[in-house]
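Participant: Below, each chain spelled out in residue letters.
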Amino acid sequence: MHIIVPIKQVPDPESGAATIDPETGTLRREGASIVNPFDMNAIEEALRIKERIPDVTTTVITMGPPQADKALRLALAMGIDNAYLICDAAFAGSDTWATGYSLSSAIRYIGNFDLVICGKQAIDGDTAQVGPGIAAMLGIPHISSVRKIEEIGNDKIVVERLMEDGYDVLSMDIPCLITVVKEINEPRLESLKGKLRAKKAEIPTLKADDLNLSRDDIGQNGSPTKVIRIFTPPKREGGEILKGEVEEVVPALAQKLLELKIF
Amino acid sequence: MGIKILETCTGCSVCIDACPFSAISLCNEKAEIDLNTCTLCGACVEVCPVEAIQMDKQEALITSEKPFSNGIWVFGEQRHGRLAGVVIELIGEGLKLKEKLNEPLSVVLVGYNTDKLVEELQHYGLDSIYVIDDPLLEEFQDEPYAECLEKIVKELKPSIILAGATTIGRSFMSRVAAKIRTGLTADCTGLNITDEGLLEQTRPAFGGNIMATIICRNYRPQMATVRPKVMKPATRRDSLSGEIIRIKHEFSRENIHTDFKSFVAEIMDTVNITEADIIVSGGRGIGCPENFKVIEELAREIGAAVGASRAAVDAGWIPYSHQVGQTGKTVCPKLYIACGISGAIQHLAGMSSSDVIVAINKDPDAPIFNVATIGIVGDLFQVVPALVKELKRCRS
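These protein sequence lines are chains A and B, in that order. Per my numbering, residue 26 is the first one in the first sequence, and the count goes up by one each step. Per my numbering, residue 130 is the first one in the second sequence, and the count goes up by one each step.
It is possible that part of the hints are untrue.
As the list claims (entries may be wrong) - SDA-like, lysine to any residue: derived pairs with alpha carbons at most 25 Å apart:
hint: 1; chain 1: A; residue 1: K260; chain 2: B; residue 2: D443
hint: 2; chain 1: A; residue 1: K286; chain 2: B; residue 2: K361
hint: 3; chain 1: B; residue 1: K390; chain 2: A; residue 2: D198
hint: 4; chain 1: B; residue 1: K422; chain 2: B; residue 2: P448
hint: 5; chain 1: B; residue 1: K521; chain 2: A; residue 2: D235
hint: 6; chain 1: B; residue 1: K280; chain 2: B; residue 2: K422
hint: 7; chain 1: B; residue 1: K133; chain 2: A; residue 2: D235
hint: 8; chain 1: A; residue 1: K173; chain 2: B; residue 2: K361
hint: 9; chain 1: B; residue 1: K308; chain 2: A; residue 2: K286
hint: 10; chain 1: A; residue 1: K95; chain 2: B; residue 2: N499
hint: 11; chain 1: B; residue 1: K390; chain 2: A; residue 2: I78
hint: 12; chain 1: A; residue 1: K181; chain 2: B; residue 2: K286
hint: 13; chain 1: B; residue 1: K518; chain 2: A; residue 2: I266
hint: 14; chain 1: B; residue 1: K133; chain 2: A; residue 2: D241
hint: 15; chain 1: A; residue 1: K281; chain 2: B; residue 2: K286
hint: 16; chain 1: B; residue 1: K422; chain 2: A; residue 2: K251
hint: 17; chain 1: A; residue 1: K260; chain 2: B; residue 2: K518
hint: 18; chain 1: A; residue 1: K95; chain 2: B; residue 2: V517
hint: 19; chain 1: B; residue 1: K463; chain 2: A; residue 2: P259
hint: 20; chain 1: B; residue 1: K463; chain 2: A; residue 2: D151
hint: 21; chain 1: A; residue 1: K232; chain 2: B; residue 2: V506
hint: 22; chain 1: A; residue 1: K260; chain 2: B; residue 2: D494
hint: 23; chain 1: B; residue 1: K308; chain 2: A; residue 2: D234
hint: 24; chain 1: A; residue 1: K181; chain 2: B; residue 2: P264
hint: 25; chain 1: A; residue 1: K251; chain 2: B; residue 2: D484
hint: 26; chain 1: B; residue 1: K286; chain 2: A; residue 2: D241
hint: 27; chain 1: A; residue 1: K251; chain 2: B; residue 2: K225
hint: 28; chain 1: B; residue 1: K283; chain 2: A; residue 2: K224
hint: 29; chain 1: A; residue 1: K281; chain 2: B; residue 2: D484
hint: 30; chain 1: B; residue 1: K133; chain 2: A; residue 2: P259
hint: 31; chain 1: B; residue 1: K521; chain 2: A; residue 2: I287
hint: 32; chain 1: A; residue 1: K281; chain 2: B; residue 2: D508
hint: 33; chain 1: B; residue 1: K308; chain 2: A; residue 2: P276
hint: 34; chain 1: A; residue 1: K281; chain 2: B; residue 2: E419
hint: 35; chain 1: B; residue 1: K521; chain 2: A; residue 2: E273
hint: 36; chain 1: A; residue 1: K251; chain 2: B; residue 2: L164
hint: 37; chain 1: B; residue 1: K518; chain 2: A; residue 2: Q280
hint: 38; chain 1: B; residue 1: K422; chain 2: A; residue 2: D198
hint: 39; chain 1: B; residue 1: K463; chain 2: A; residue 2: L283
hint: 40; chain 1: A; residue 1: K181; chain 2: A; residue 2: I74
Rather than coming from a laboratory, the hints here were simulated on the basis of the structure. All values reported here derive from a predicted model rather than from experimental measurement.
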């Protein structure tokens, strides 16, 4: 079985938020990058399947600038077998359609896949659209928000899908795609041996021409949607702090809540 | 490549200030664009005083005859015989868009044994209700849902489709948009129609630090998922309206590769947090799973759903389905009461658009107080039970 895990490098929210420069109105993305947290769960799940059933090969791919190579090396250090960097200026400005198209083309190029595992969504874009889009473009079924793989064999997978009111159990034919939520596992740390291997690993770069992609289908040209404006939302102001003993503040709070007339 | 700077550039740096993505710098007194950072948004092209920036214009796929103008559609998400609350909110928003766009508003209902839901939908001032009713559609599965929506979109050509940004909406709408090849904007919190008749879609990104307004100029339909609890629900009327149009779709079994087995209800309370008007959440300050009882009691008293911070979920005190935040759910209730939650960025991203935020925390410097409408610095184990008692007293 060959498992492919598409991942994304995202700005670390703990190292400073993305802001708009008040003077120039431009987007500032400061601080470190991390592998998207949900993608860490996707990597971990691929590794667990490899430990669970025989003859599993795992491949991680990412589309991004040359420095996204760091995200791939982390996956290799965790135990993933192969990595590809999909990197070309022609991919710049891709929306979710163009991203899904480019990634699905890369997956076809790598070939022989049985299972694609994506994180539910990236925490910067927050769309949750690329995984299902890849599945549609590959012509395979998908299930989103998977919180557990109950069974997996060579031609079928049984999963639990997290819903707003509980979970659904579904089976699905392989080849297929799942997107996973963080409940599915606790990602492992890199091993020392893995780190050494990852450091030395040669990571092939796939360019748009390697994938035979027309410029009309990728990057900004291939993207149906276009960002026309970005702005900072009105900042939420801290309000009133009720001070004093519990006997004083609680009745004041209760009064304020009742005045809202919500309940 | 899509964008270039011509020799006529005077190095005036107007474009550098206009670029939202800091992708332009000055090199040898000419502007230079970093193509890895540039998203080809075109902001620089518009401001250049000497027209020295050139961008390849995408060929319009939509011709002047406007083939997709058959109305605004709302996906009528239903589950276990109940319409999702967001459907009525989308109808409310759809009625506003309809006035500006002057096209009919319809709901597309996909499911099995849907007669009751169809009847309910007739109370909301719709022009029509498309119904696809089939045993295969009883439980949500991406392939059959996507297959029938794709089919009727291609036949009937609506200009706009809206769905809730729910697990179901986000999952299968992406499939439909990918197949049709059109734009889909996720988790919108604002919609508008421009003078040109385009759908302007505004959504938060980067955990709500940035808002982006997005359009889909050349592809149709324009599709968006909309965050629950943001739009105002439509008012229910006594009178009935809306032509019921039943569509028969023959599924071929070999196109369906999933099989629904069972549903397991798991939420501790009956209200799910993305649809709740009131949420009471507990964080690290709760201390242990048993202590969530304190939160639950307050929730019961005021009819709230129970939420949690990542810290409480990671500690295993409460299931993941209750988690609010960047790696959990984004919520937008009328009232959010945060108990023992410090307010890490990742939590604030998931709840700071709530109407009223109440924070109860021991630490006066906790960041949660920066977004709280009302804050109480104190021990939640004293404050919350006292609040329950006081509310009971006031209301009896």
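Participant: Determine for every hint whether it applies to the structure shown.
Facilitator: Now for the hints, and whether the structure bears them out:
1. K260/A to D443/B: violated (29 Å)
2. K286/A to K361/B: holds (17 Å)
3. K390/B to D198/A: holds (14 Å)
4. K422/B to P448/B: Status holds; Cα separation ~14 Å.
5. K521/B to D235/A: With a Cα-Cα distance of about 69 Å, the restraint between K521/B and D235/A is violated, given a limit of 25 Å.
6. K280/B to K422/B: Since the Cα atoms of K280/B and K422/B sit roughly 49 Å apart, the hinted pair is violated (cutoff 25 Å).
7. K133/B to D235/A: Holds. K133/B to D235/A sits at ~24 Å (cutoff 25 Å).
8. K173/A to K361/B: Distance ~35 Å between K173/A and K361/B Cα, so the pair is violated.
9. K308/B to K286/A: violated (46 Å)
10. K95/A to N499/B: violated (35 Å)
11. K390/B to I78/A: Given that 25 Å is the threshold and the Cα spacing comes to 23 Å, the pair holds.
12. K181/A to K286/B: violated (36 Å)
13. K518/B to I266/A: holds (21 Å)
14. K133/B to D241/A: Measuring from Cα to Cα gives roughly 17 Å; hence the hint holds.
15. K281/A to K286/B: Not OK: K281/A and K286/B at ~50 Å, beyond 25 Å, violated.
16. K422/B to K251/A: violated (47 Å)
17. K260/A to K518/B: Given pair K260/A, K518/B is violated - Cα atoms ~34 Å apart, limit 25 Å.
18. K95/A to V517/B: Since the Cα atoms of K95/A and V517/B sit roughly 51 Å apart, the hinted pair is violated (cutoff 25 Å).
19. K463/B to P259/A: Measuring from Cα to Cα gives roughly 18 Å; hence the hint holds.
20. K463/B to D151/A: Cα-Cα ~23 Å, so holds.
21. K232/A to V506/B: violated (56 Å)
22. K260/A to D494/B: Satisfied, since the Cα-Cα distance of roughly 18 Å is no more than 25 Å.
23. K308/B to D234/A: Answer holds: K308/B to D234/A is near 23 Å, not above 25 Å.
24. K181/A to P264/B: OK: K181/A and P264/B at ~23 Å, within 25 Å.
25. K251/A to D484/B: Violated, at roughly 30 Å.
26. K286/B to D241/A: It holds: about 23 Å lies between the C-alpha atoms, which stays within 25 Å.
27. K251/A to K225/B: Holds. K251/A to K225/B sits at ~23 Å (cutoff 25 Å).
28. K283/B to K224/A: It is violated: about 50 Å lies between the C-alpha atoms, which goes past 25 Å.
29. K281/A to D484/B: Holds, at about 14 Å.
30. K133/B to P259/A: violated (35 Å)
31. K521/B to I287/A: holds (15 Å)
32. K281/A to D508/B: holds (19 Å)
33. K308/B to P276/A: Cα-Cα ~57 Å, so violated.
34. K281/A to E419/B: violated (29 Å)
35. K521/B to E273/A: holds (16 Å)
36. K251/A to L164/B: Holds. K251/A to L164/B sits at ~17 Å (cutoff 25 Å).
37. K518/B to Q280/A: holds (13 Å)
38. K422/B to D198/A: Given that 25 Å is the threshold and the Cα spacing comes to 42 Å, the pair is violated.
39. K463/B to L283/A: holds (13 Å)
40. K181/A to I74/A: Distance ~13 Å between K181/A and I74/A Cα, so the pair holds.
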